Amino acid sequence: GESVGLHLPTLSVQEGDNSIINCAYSNSASDYFIWYKQESGKGPQFIIDIRSNMDKRQGQRVTVLLNKTVKHLSLQIAATQPGDSAVYFCAEGRGGSEKLVFGKGTKLTVNP
Amino acid sequence: EAGVAQSPRYKIIEKRQSVAFWCNPISGHATLYWYQQILGQGPKLLIQFQNNGVVDDSQLPKDRFSAERLKGVDSTLKIQPAKLEDSAVYLCASSLGAGVKAFFGQGTRLTVV
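Chains as they are written, first to last, in the working numbering: chain A, 102 to 213; chain B, 492 to 604.
No wet-lab data here; the hints were simulated from the structure. Be careful, since some hints might not be right.
Stated by the list, open to error - In silico PhoX-like links for lysine-lysine, alpha-carbon gap of 25 Å or less: (1) B:Lys502 to A:Lys143; (2) A:Lys143 to B:Lys574; (3) A:Lys143 to B:Lys592; (4) A:Lys157 to B:Lys592; (5) A:Lys205 to B:Lys592; (6) B:Lys592 to A:Lys208; (7) A:Lys172 to B:Lys535; (8) B:Lys569 to A:Lys143; (9) A:Lys205 to A:Lys172; (10) A:Lys205 to B:Lys574; (11) A:Lys172 to B:Lys592; (12) B:Lys592 to A:Lys169; (13) A:Lys143 to B:Lys535; (14) B:Lys535 to A:Lys205.
As the list claims (entries may be wrong) - So the derived label-pair ranges between C-beta atoms look like this: (15) A:Arg152 to B:Ile529: 28 to 36 Å; (16) A:Val171 to B:Glu559: 36 to 44 Å; (17) B:Ile529 to A:Ile121: 22 to 30 Å.
Nothing here was measured: the structure is a model prediction, and the numbers come from that model. All C-beta atoms, glycine included, are put in the ideal place defined by N, C-alpha and C.
Only chain A is shown next, with the shape it has when bound in the complex (with noise of 0.2 Å):
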């Protein structure tokens, strides 16, 4: 069935390393992704979005990719924090309501 779903549910970095979280999706109708963080006993808090009109976008220390031709997502976090250590979903924006689907997240572990 159609899902959002992520390839690893864990990743351990060393602090200063880049990461790279991966997610799958298979609705290719769907137009609209975007990253959240959630750490424990909280909300999920956005990082970044991209539309099916661009390939990559960029934030603060954040880079989001987009290959709509294998309907892979990936989000790169360059010189990891111990602050980053938390749970990364993908949600995937489908249908006519523009509803936010979720994966079932990626925990990153940064080590000191």
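Put chain B on the given structure of chain A with help from the hints.
Using the frame of chain A, we list chain B on its own:
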């Protein structure tokens, strides 16, 4: 700018009891969402409002869950009667409109015993 406000933060009830959650979205945000997040999973949309009208409630268990957004601002989500499997965090989010980034509240952690 004030964020999305939710209350209560925590709630423990017995099964078959009723419970209500409240959400105050960011001022000016026309779209309001209620999500259910079970431990270890991503948020699942329960209902989406555009102003005071329902846009999508396809995944809302309507036999026990209800939600309203009177006057197109605050919203309440009610569960009656609660089941053990309703234990989750209930997240409210709002956005300027559909198809744009949504901002989330802290959530209400519900435990049904």
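Against the structure, the hints come out as follows:
Our distance criterion of 25 Å between C-alpha atoms is met by Lys502 (chain B) and Lys143 (chain A), whose separation comes to about 16 Å. Proximity of Lys143 (chain A) to Lys574 (chain B) is assessed by CA-CA distance (about 24 Å); at most 25 Å being required, the pair is judged to hold. For the given pair, Lys143 (chain A) sits about 17 Å from Lys592 (chain B) by alpha-carbon distance, which is consistent with the 25 Å threshold. The suggested pairing of Lys157 (chain A) with Lys592 (chain B) holds, with an alpha-carbon distance near 17 Å, which does not exceed 25 Å.
For the proposed pair Lys205 (chain A) and Lys592 (chain B), the alpha carbon gap of about 19 Å is at most 25 Å, so the pair holds. Taken as a hint, the Lys592 (chain B) and Lys208 (chain A) pair is honoured in the structure, with Cα atoms around 22 Å apart against an allowance of 25 Å. Between Lys172 (chain A) and Lys535 (chain B), the direct Cα distance comes to roughly 21 Å. Compliance with the 25 Å bound is thereby established for this hinted pair. Proximity of Lys569 (chain B) to Lys143 (chain A) is assessed by CA-CA distance (about 21 Å); at most 25 Å being required, the pair is judged to hold.
Proposed proximity of Lys205 (chain A) and Lys172 (chain A) is supported: the alpha carbons are some 17 Å apart, at most 25 Å. A hinted pair counts as satisfied when its Cα atoms are at most 25 Å apart, and Lys205 (chain A) with Lys574 (chain B) qualifies at roughly 23 Å. Of the supplied pair hints, the one linking Lys172 (chain A) and Lys592 (chain B) holds, its CA atoms being roughly 20 Å apart against a limit of 25 Å. The suggested pairing of Lys592 (chain B) with Lys169 (chain A) holds, with an alpha-carbon distance near 20 Å, which does not exceed 25 Å.
Among the hinted pairs, Lys143 (chain A) with Lys535 (chain B) is consistent with the structure: their alpha-carbon atoms are about 16 Å apart, no more than 25 Å. Among the hinted pairs, Lys535 (chain B) with Lys205 (chain A) is consistent with the structure: their alpha-carbon atoms are about 10 Å apart, no more than 25 Å. At roughly 29 Å, the beta-carbon separation of Arg152 (chain A) and Ile529 (chain B) lies within the given 28 to 36 Å, and the hint holds. A C-beta distance of roughly 42 Å is found between Val171 (chain A) and Glu559 (chain B), which places it inside the suggested range of 36 to 44 Å.
In this structure the supplied range 22 to 30 Å holds for Ile529 (chain B) paired with Ile121 (chain A), their Cβ-Cβ distance being about 27 Å.
Hint compliance for this structure: no hint is broken.
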